[in-house]
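Participant: Chains as they are written, first to last, in this note's numbering: chain A, 1 to 342; chain B, 1001 to 1342; chain C, 2001 to 2342; chain D, 3001 to 3342.
I should point out that these hints are in silico values taken from the structure, not numbers from a laboratory. Yeah, the Cβ is synthetic: ideal placement off N, Cα and C, and Gly gets one too. It cannot be assumed that every hint is accurate.
What the hints assert, rightly or not - In silico DSS-like links for lysine-lysine, alpha-carbon gap of 25 Å or less:
| # | chain 1 | residue 1 | chain 2 | residue 2 |
| --- | --- | --- | --- | --- |
| 1 | D | Lys3235 | C | Lys2235 |
| 2 | A | Lys235 | B | Lys1235 |
| 3 | A | Lys224 | B | Lys1235 |
| 4 | A | Lys235 | B | Lys1224 |
| 5 | A | Lys224 | D | Lys3224 |
| 6 | C | Lys2224 | D | Lys3224 |
| 7 | B | Lys1224 | C | Lys2235 |
| 8 | D | Lys3235 | C | Lys2224 |
What the hints assert, rightly or not - Quick look at which bits of chain C chain D covers, simulated, 3 or more residues with Cβ under 8 Å:
| # | region |
| --- | --- |
| 9 | 2023-2030 |
| 10 | 2235-2244 |
Claimed, not checked - On the chain D side, residues computed to face chain C include the following (Cβ under 10 Å):
| # | residue |
| --- | --- |
| 11 | Arg3044 |
| 12 | Tyr3045 |
| 13 | Ala3046 |
| 14 | Glu3234 |
| 15 | Met3236 |
| 16 | Leu3285 |
So the chains spell out like this:
Number of protein chains: 4
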Amino acid sequence: MRVGVVGLGYWGPNLVRNLHQLPEADVVAVCDTRPAALDAIIGRYAGVRGTDSLDALVSDDSVEAVVIATPVSTHHRLALAALLAGKHVFVEKPLAASSLEATELIEAARRGGLVLMPGHTFLYSPSVNLIRDLIRSGDLGEIYFLSTSRVNLGLHQTDVSVVWDLAPHDFSILHYWLEEMPTTVAAVSRGCIIPEIPDVAFINLAFPSGAVAHVELSWLAPGKLRRTAVVGSEKMVVYDDTSNEPVRIFDSGVMPRNPETFGEYQLSYRTGDVVSPRVEATEPLALEMLDFCTAVRLGSQPAASAELGRDVVRMVEAVDRSLAAAGAPVPVAVSGAVADVL
Amino acid sequence: MRVGVVGLGYWGPNLVRNLHQLPEADVVAVCDTRPAALDAIIGRYAGVRGTDSLDALVSDDSVEAVVIATPVSTHHRLALAALLAGKHVFVEKPLAASSLEATELIEAARRGGLVLMPGHTFLYSPSVNLIRDLIRSGDLGEIYFLSTSRVNLGLHQTDVSVVWDLAPHDFSILHYWLEEMPTTVAAVSRGCIIPEIPDVAFINLAFPSGAVAHVELSWLAPGKLRRTAVVGSEKMVVYDDTSNEPVRIFDSGVMPRNPETFGEYQLSYRTGDVVSPRVEATEPLALEMLDFCTAVRLGSQPAASAELGRDVVRMVEAVDRSLAAAGAPVPVAVSGAVADVL
Amino acid sequence: MRVGVVGLGYWGPNLVRNLHQLPEADVVAVCDTRPAALDAIIGRYAGVRGTDSLDALVSDDSVEAVVIATPVSTHHRLALAALLAGKHVFVEKPLAASSLEATELIEAARRGGLVLMPGHTFLYSPSVNLIRDLIRSGDLGEIYFLSTSRVNLGLHQTDVSVVWDLAPHDFSILHYWLEEMPTTVAAVSRGCIIPEIPDVAFINLAFPSGAVAHVELSWLAPGKLRRTAVVGSEKMVVYDDTSNEPVRIFDSGVMPRNPETFGEYQLSYRTGDVVSPRVEATEPLALEMLDFCTAVRLGSQPAASAELGRDVVRMVEAVDRSLAAAGAPVPVAVSGAVADVL
Amino acid sequence: MRVGVVGLGYWGPNLVRNLHQLPEADVVAVCDTRPAALDAIIGRYAGVRGTDSLDALVSDDSVEAVVIATPVSTHHRLALAALLAGKHVFVEKPLAASSLEATELIEAARRGGLVLMPGHTFLYSPSVNLIRDLIRSGDLGEIYFLSTSRVNLGLHQTDVSVVWDLAPHDFSILHYWLEEMPTTVAAVSRGCIIPEIPDVAFINLAFPSGAVAHVELSWLAPGKLRRTAVVGSEKMVVYDDTSNEPVRIFDSGVMPRNPETFGEYQLSYRTGDVVSPRVEATEPLALEMLDFCTAVRLGSQPAASAELGRDVVRMVEAVDRSLAAAGAPVPVAVSGAVADVL
């Protein structure tokens, strides 16, 4: 797969490096408006052409696929241009700045028979997949609730809120694990440093299955926290990707002591072993790029599908609507319903 | 101060022990309907009379003050009987099962010139007071937000929700630190084990000062968490009363790099020392009982005032209203306004 | 079993409490020279007689067994008096102030057909027994080495060194786990606060099986550490009795990649699951007292046998000899050899 | 400073990268016998010549200084060749395979007026220097003892023991902090995986000042530990370079309650604040390379002096002698005395 990479800021060079290491892919061109960014890549990887013109890139017949790592506001315009030129497209998360934009991209990809894949890297994390398997296999039982904190000191974005910056991570994971969209979202936020740009948000979600979830996001915190607790009826899991033991499974729970007399609430507490399963050390980004290649080559559906990417955008939009409504719970448009309308 | 203690379940004996150790107090009588509970106390402390009749206790002239540690639903009846009999009253948290009940107790105490004190023990925690001093002195700067988790596996109550059980702790602390009532409260909960009794709740609060807060409560969790982060414009604090270092002060923050050009959002991140100040090891319960004695003797206002206790009940009621309204943000009646009406 | 308890300082009252809760035992008398210590016990437990005379206690026909919790220097005298009076004896660790004293006690017990049991409480810890089972079953493979730290700020003893105070814990555990005596011991120590009383010691031990061990002991430390690593050829274990997960089993190790070419040292590193097995929460002291009762009633050998107690004293003596020899490794007299001589 | 780098295994490329980033230095040539290793560097850094001949490198007039990152057994031969050719030399730790070799290198450097610097990177760690300042300023008081653990699962060396591999780190730090050589060293070790190559060692050290130290080293451990406790009469410090808070200062200690009656050992325990000072995030390797450049340019003494490097080798040799003597304490030759002899 011959790839052109657009956007060589913080994340783009990581994508170039991972594509370069992949036997299945070949980075043939990079595109950025800053000459120094182009030079850094061209000087490091032999045979890569540089250009400051997206048009040049997308009209280059040797380019089969375009990887986009630019600010969110440009995703729609760049991805659409690439799709219309017949290129497969990978776009960094979030897929687009609105679900309407996302739908237009999905339609364009469908019409062109092209792959459109959003960069939800966490779906390629071995830890996230291990927990997904635990949920799917029923080992955790019914999922009662999830609680997650993704906070750190920095790095403040000046073009998007902490919700657009960080929530796509947690929302894509929740979507991937629960395989359902939330029915309602309610959120509180504050722009502590720059009043008009929320840098802390507390988001409550309710799902059709009965599961509830809380997502705490912040660029202002005493320390880094990446902690997700998943509480099921059979077992509980704590996921912390900053830990040496990123997945911990607690064989703990509460059960009616005597099922027949459940109404009397004689409860029994069970506290069993705690297991930290070995987690593969594979870099998620490498697996993600490989999934993109495979989708292009074989026409398979990537784990991070465009539809999932749009669902994530819908969840973020719902947070914004709740914030605009002073924290009122708002419904989240479901994937199917919206697709029907189009 | 000669005290009668009503209710010898889990908490009552702790109160008896602390009162017994206090030179200022004398436990003269205990009241419970279970003979074994009475015998255990009488056998251990010489000179304590036991009775199964509240009437006997409150009509006993040798009793000056009554300490109540019974289920919430009985607080109003028992406390009112004691106040009408001219006794000073200490009631375990929450003060009453509704703010209306709380107001009736406050009025009865005011009419009788008696002390009415709710048992918000955390207001006597040296850690909580150390953080209060940091806030009051301005060391933390403007309080941007607070995030707190109070979760554990168990112990499910069967008469009240996790909100009525645990939120009074966090709400009393927030009230004590911020010295303001929230304007609105929005919450999500679920009864995972017993459907009609919420055992997990995610509560968002917004305060007049601009501060926002999140409170996570649960009886279902992989492990015990007691963690409160307070993020101010100058410093941040983490309070964890299960830690050897219960208070940690982070000299960290974000500032505009160049105040004149604030509009351009050139931000500067500051990460300085982290200090765990020494915290006195005094038992909060002993300080609480002493404050009750002092209030009775000197007519002083206890840190845990009846008005604060009623405000806490109002916050819990607001959570229940939000839950009944499917998570909608609801206003919290402010202390003054309601008092005016009465 | 009717018991008399001698010594009501810090530890004695704990023994009284545990014996009192045991259906198999009955505390009939306590002995101490301090009237206040006697009164505290007599006032709390009905039917217990107090005396300041050991003679009175050991000549009391209603006393079957004597439990001794006095300073080490008095163990030999008190235990011998009790044994000679025909009483079964439990002595707090260490069994005696020298192995010669210990041997005299063992002989006296043997002649009288009496139980003599040293108070090595850790041998009744569910965690210690869980690890013993892992070792005995071969799950850990060959034991390569152990490393243990038992440090804290305080409490300085003024009559014995940190070695006599703390090493009996670790030495009894090592003896119980490895079921062998060390061949040599070498140690370094320092009396930091009181020059003549070592308050920090670093002890190296070598065992006949090839296992080596390090024991770090100190009353001077920034914080409390209770950490023992056991490294076996198949698995590794960390034991920390201050943790919520006191036993952690690491399925990790190093193996020759190709056994035939072992000589070329192609090594393969294995890092598997980490498991924190559930550990029973039973109080070791209760199990210890029960084992003493059972030994008295049935004539069974307690897990903490007098011979093990003497072996522990021999290990401590060897440390003292190494310290006196400027840290030279010294042999540890083996149990059998010494017994043969007697 | 124009530099040639010899040895492009694991560490050499890191040195090339750091030298490349340093304005003061210019990597002009690299030397390795493996063509692939040479190609990797030449392909990455423009203007770097590759050679497989040390003779070619040291006879290259454009090379002023040689940086050596090869196995220990080759240090002496390579460094001596470079020094005799008039080049300044930086050698990775340990300086040489014996103190005799180290002395020959020191003599050769002295005769040639050249810089000879061993690669003790930890001496350039901001944390290590912060603690050194605390010791030098007297803030910690008298240094009572140090206890350090440097253990991990892997990476087994097949040419040197864990002592030669890891002890130079801790020994250089101890030398740098205490500014004295130990008088005696006593050690126990075991070759668990490869019998003739010790992979675990417990080392006790005694210093002229009265300080004692323990150093635990292992390639076999359940997890990574990098923990050093420094216990002083005024304060205590824990250094853990794997932590977000690598230096923690405990204002704790024990003091005679009443100095006049010190003989009676009335002790008072002090537990004050714990402070984690902010530590600069500078990469030690960059500071180390800069110090080498400065020494070459200005003739200054680097913090990691050749004499310190030889002292470290003497300490490691003493460990080997103690191991050969079954753990007996052995004296460590002091720097001055040996220098006098030469």
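Participant: Against this structure, judge whether each hint is valid.
Facilitator: Structure-based check of all given hints:
1. In summary, the hint linking Lys3235 of chain D to Lys2235 of chain C is not supported, as the alpha carbons are separated by about 38 Å, beyond the 25 Å threshold.
2. Between Lys235 of chain A and Lys1235 of chain B the CA atoms are separated by roughly 38 Å; this puts the pair beyond 25 Å, and the hint is violated.
3. Note on Lys224 of chain A and Lys1235 of chain B: the hinted pairing holds, with a Cα-Cα distance of about 16 Å set against a maximum of 25 Å.
4. For a cut-off of 25 Å, the pair hint linking Lys235 of chain A to Lys1224 of chain B stands: about 16 Å separates their Cα positions.
5. In summary, the hint linking Lys224 of chain A to Lys3224 of chain D is supported, as the alpha carbons are separated by about 21 Å, within the 25 Å threshold.
6. Simply put, Lys2224 of chain C and Lys3224 of chain D have alpha-carbon atoms about 20 Å apart, close enough for the 25 Å limit, and the pair holds.
7. Proposed proximity of Lys1224 of chain B and Lys2235 of chain C is contradicted: the alpha carbons are some 29 Å apart, above 25 Å.
8. Our distance criterion of 25 Å between C-alpha atoms is met by Lys3235 of chain D and Lys2224 of chain C, whose separation comes to about 16 Å.
9. Taking a C-beta to C-beta cut-off of 8 Å, the region 2023-2030 of chain C contributes 0 residues in contact with chain D, too few for the three needed, and the coverage statement is violated.
10. Check result for the region 2235-2244 of chain C against chain D: holds, 3 residues qualifying (beta carbon to beta carbon below 8 Å, three or more required).
11. The restraint placing Arg3044 of chain D at the interface with chain C is violated, with a minimum CB-CB distance near 29 Å, outside the 10 Å limit.
12. Because the closest C-beta pair between Tyr3045 of chain D and chain C is about 32 Å apart, greater than 10 Å, the hint is violated.
13. The interface hint given for Ala3046 of chain D is violated, since its Cβ lies 37 Å from the closest Cβ of chain C, which is over the 10 Å cut-off.
14. Hint on Glu3234 of chain D is violated. Least Cβ distance to chain C is approximately 12 Å, over the 10 Å limit.
15. Interface restraint check: Met3236 of chain D against chain C, minimum CB-CB distance 4 Å, threshold 10 Å, status holds.
16. For the restraint placing Leu3285 of chain D at the interface with chain C, the shortest Cβ-Cβ distance is roughly 25 Å, beyond the 10 Å limit, so the hint is violated.
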